[in-house]
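Here the protein sequences line up with chains A and B, keeping their order. When you line the first sequence up against numbering that gives the first Met the number 0, it's residues 0 to 311, in that order. When you line the second sequence up against numbering that gives the first Met the number 0, it's residues 0 to 392, in that order.
Derived from the structure by calculation, the hints contain no laboratory data. No residue lacks a Cβ here, since even glycine has one placed at the ideal position from N, Cα and C. Check each hint, because a few of them may be wrong.
[Claimed, not checked] Subject to a maximum C-alpha distance of 25 Å in a straight line, what follows is the list of computed DSS-like cross-link-like pairs (lysine-lysine): (1) Lys-204(B) / Lys-279(A); (2) Lys-80(B) / Lys-67(B); (3) Lys-83(B) / Lys-305(B); (4) Lys-110(B) / Lys-76(B); (5) Lys-133(B) / Lys-80(B); (6) Lys-305(B) / Lys-125(A); (7) Lys-67(B) / Lys-125(A); (8) Lys-94(B) / Lys-76(B); (9) Lys-341(B) / Lys-133(B).
[Claimed, not checked] Over 10 Å on every C-beta distance to chain B, these chain A residues come out as not near it, computed from the model: (10) Gly-122; (11) Thr-190; (12) Leu-295; (13) Leu-303.
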Amino acid sequence: MSSFLQTLIDGVTVGGLYALIALGYTMVYGILKFINFAHSDIFTLGAWMTLTIAGWLGVQAGGGATGPAAWYVGVGVLVLTMVFVGVVGFVIERLAYRPLRQAPKLNVLITAIGVSLFLQNFGQLKFIFGTDPAPTPLLLPGVTLFSVGGVSIQLVDVAVIGTSLVLMLGMEVLIFRTRMGSAMRAVSFSTRNASLMGINVDKVISFTFVIGAMLAAAAGFLYTLKYPGQLKQTADGMWVMLGLKAFVAAVVGGIGNVRGAVLGGLLIGLIEYLSVAYLKSEYRDAYVFAILILVLLFRPEGILGRATVEKV
Amino acid sequence: MRPMLTRRAVTRSALTLLLASATVFSLGACKGKGKGKEDATGPIKIGHYASMTGSEATFGRSTDNGIKLAVEEQNAKGGVKGRKISLITYDNQGKPDETVTAVTRLIDSDKVVALLGEVASSRSLAGGPVAQRKGVPMISPSSTNPDVTAIGDMIFRVCFIDEFQGKAGAKFILEDLKLKRGATLYNRAQAYSSGLNGFFVDAFKAMGGEIVTQQAFSDGDNDFGAQLAAIRDAGVDFIYVPGYYTEVVNIAGQARRLGLTIPLIGGDGWDSAELANAGDALNNCYFTNHYSHEDQRPEVQAFVKKYQSTYGSVPDGLAALGYDAAMLLFDAMERAPSLDGKDLAGAIAATKGFAGVTGSITIDANRNAAKSIVVLEVVNGAPKFRANVNVGP
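Chain B on its own, in the form it takes in the complex (with noise of 0.2 Å):
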């Protein structure tokens, strides 16, 4: 008796199971449907996920504002496919978490066609998943970690990647500073920090400089003290210091404190207006970055002209990349088939020779986009062009 009883128990929960797999796997058909029968007439629907608030809110703000002049733009032209676009931004206050929900939420509740965002990368790889799964295009405007196109087949960035960007730092610094030693002060909590940190060692320690110590902190952390304190006792030339703007604001004020005047070198996380909250600790420090607003291309200058002119300020490369980033999207959305999430991704894909405020964009096998680099030098917190990098690809 008592075994019968256990396989009907058995078959009865496996029923179960099987039920409710249908329902869920049925109400899922019923959202593919819903989505692929969005109405035809209606603006086109685009999401942009940002951190508008929290400790990198320049990022977001900046992106948006760049992502909305070109929306603006593309609409005064017609829009796309005769139809209007229209931009959804939801505000992940620079949490992972939060990244998630924002993506879910443009994607099942708003229909999105497409994704714009993030700028930094430990969040691309937080919404990337949920795009991919749910065969929506993403591009990234700046997001340069490698891992994040890694993904998979529906994620795209139009900036380079760390890997470019650690070797053009090191190029740089050998080359036109004529330093040999240093040492770097990365956030472990951080792939875009921790990433780079990684390929500039790798590629300074290749050219033949010498990384005499490594320091680590974490999100949050505001104290680096310790950490410099190490970096003073070792004695270096320089300091490399891939983080994001408002740690390497703090990071400057505390160096100088200790008596450390070393220059500062960083990559495209320093890009903010905020800089300037650093005064003069930041002088005769210096960045890598995807674009200089004192580039004389015509491109750019009549998008800083058109920028100034909107929001009063100077775009900075993240305005810059998510102008670009939009218009690229809605360069493919032009020549694709149809809004499928397969058929867009697809035009992404096939972009080549795109002429964008930060340079000419082809998308690669791995969905990278190959890109020029500049070096920017901080002068009383703002941003000065300084050099042209050349590295190999």
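Here chain A stands alone, though its shape is the one from the complex (with noise of 0.2 Å):
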């Protein structure tokens, strides 16, 4: 019983993860009708550049001599990564993507596998990231909050899931609340009609994209967080497996569907705990693309995607 409530939790958590990742991709199809394959690459970015912002502000790889940080250092590293991230996103949305606004979406969507590439092979040079697994930094100290019944409650899923919730709720506002959402959901129900109607289509466009790629670092910062230790090169197979895991989530709650994602994710993370925990642990990966081929047998447009439902 007590490794079934911790598996909850550590579905939860990881849920959370790809429910933030998935967010990335499904914002993305949602108003450009193409699979953003370089987003998996703009999460390991994430990871990595809170590994080296971390090391920039001083914070000792798995705690050194100094122990773990100061709460307002995570934040401010948090923070740093989602900016620095976000820029790197508007800068490849620029560069690789809208000079193919007109173009098939195939050549978008080769792009997109292009930019993956680049982004893997240009994190491993040794003046970048380089190629080998590097030591986490120790924001969060590795406390446990309580113990209920043999689980123990520990402070780094508590700031996972409260992080991803809190990043959850504001995109919920964002996109339902504020004026750029009603843009961005103009933009995602036609491209046309919306620059019809005054909407600038390529802010808006920059903009999810800066969004994505934002939460995709903050995903990647909780990853370090929730797996201290050594983050592996950015090339490395690892990495692509996560993305594809969570763009399995935002297919399996409806690609296209903003509360989609984050119910795909929390989904995917607990059907992957569960069987690993239950069922043989080594096939873990097959479980969730066992889940995305049901799902796609027998509802295409995933759980909460309805040709009604509002796409962004």
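Got two chains here, separate frames each, mind docking them using the hints?
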């Protein structure tokens, strides 16, 4: 029983990470109708920038002699990482995708793969992140907040779930309660009509990319909190796998649907963790992709994806 | 008319095929001749393929440092057969597919006379068949999976095999640590990890111990929470983790955070300076290894001193094995009637009682080496000598 609850907590935590990444996939799909395959690398960049920025701020790897950093340093690292990666997201959209606005969707898709490969290998250059795994900074003390019935609730899990929740609620407000959100929904509904109504479509698209990149950066930051130890180099297959699972989450929830991405992320996280705990643990990726196949067979539009639901 | 036409078509395509294969064969023959005529006055080229970057980067770099040291030493002595040795190293980024590319390139375009590599068994199993097919002898410094040398008569190793390592680990746990109930956590995708896991479990059970649960993960997994939670629920005394150091560091951190304080025990895949990244999470943990730099034998101390003055760090087991593999190769080259693949393989196979840093090396009929084994304890991220383990052959 205790391991069941522990698994649930782990599943929700990782589900939150998937949801943050899935939001980026789904928003870009909602507006541009293409799958941004470079998105998982934006997430990787977020994790590595967390490590880099923490280093600049003097946080030592693994805690070092100084122990964990103060809480405001952690928040500072999160904010700086999101800002930096947001700028990178803007630049990528401006340089790689905007020139292809009138081109067939396939060209954009292939460009996205190119951007993905570029980011993976550029990150491996010696003067960027290098080709070795690097130790993660200790931004949070490994404290157990409380234990209930053999389940230890850790500060890290609370921080990860809490941050994901705040960001997802922020997205909800942004999309459904602000002018920019209305504009995003309008562009998603019809780019042409939106521009006829005086919406600056290019600006909306840039904004979407920046927000998506910032959420992925936050996911990268939270990933380094959740998995202290070593961060694998940017071209490691592990990053692509995490990105793919988040993509599955977006599809399962209904691609193009913001609430669907959150729901899909949590579902995929829970299914992955429960299946690893109670079925054969070595097939964890297979379970996730089996879900994808089932959803595509029986409900291709995803759980929340309905024609009437507004897409962003 | 129709059958005639068909027959003619068949004949024609058969002829085309014949012609094509003839071309391929003659090309192959040209290549073979090219290799034979490799100029006999310049330096002798040997190839090394290794994970110089990636998740197991210290494996490749340590081994390469060890080999370079051996090459320098040999060249200072005048080389082999009066010719200098030149070493060509290619990085396979820790990937099996890149391994095949690197090995093919070393043999076909660089025309090396012998190959050294790899550390990870999965990658030796990828590179080995290429070397075997092209008839170039390959010595793996530290691939311990038994299947590696089973590839064929061109493939050798200078380290012990996992059957032996599994037994040694089991014996150490039962007799030295006196722990009886254990769990294992291994990487299903790596031949080394899953092989060693099997050998360990068999040996541990045969010696009277109990393995309560065997958990697995795959390449690229970085979350071991579910497996560790299951292990915690099983209530065991230790976890056997036959993985590589990058995985072990993360497994240890996550296990400690879940409140699992039992020892982790592993094999030579742990051997890396990067264990320091685990901080104190790996205290009270042990692994079986090829050698200890604290060994007082003069060969070991001379090697450690030389390595330290060249690279500024303590050599791990992989550096020592890289050095041994290269030295053994030079010894065989000197004895071989020619540097042709067959002659050289014969000379390597005839190696008896070669005095290496990691112990005396005799190549047996299965092209393996029977070696001694040590157990190291991790103390604040640094491996310290703990025990010698003797198990029957």
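Hint check:
no. : hint                    : verdict
1   : Lys-204(B) / Lys-279(A) : holds (22 Å)
2   : Lys-80(B) / Lys-67(B)   : holds (19 Å)
3   : Lys-83(B) / Lys-305(B)  : holds (21 Å)
4   : Lys-110(B) / Lys-76(B)  : holds (24 Å)
5   : Lys-133(B) / Lys-80(B)  : holds (24 Å)
6   : Lys-305(B) / Lys-125(A) : violated (28 Å)
7   : Lys-67(B) / Lys-125(A)  : holds (23 Å)
8   : Lys-94(B) / Lys-76(B)   : violated (36 Å)
9   : Lys-341(B) / Lys-133(B) : holds (11 Å)
10  : Gly-122                 : holds (12 Å)
11  : Thr-190                 : holds (38 Å)
12  : Leu-295                 : holds (23 Å)
13  : Leu-303                 : holds (27 Å)
Checked against the numbered hints listed earlier, the structure breaks hints 6 and 8; every other hint is satisfied.
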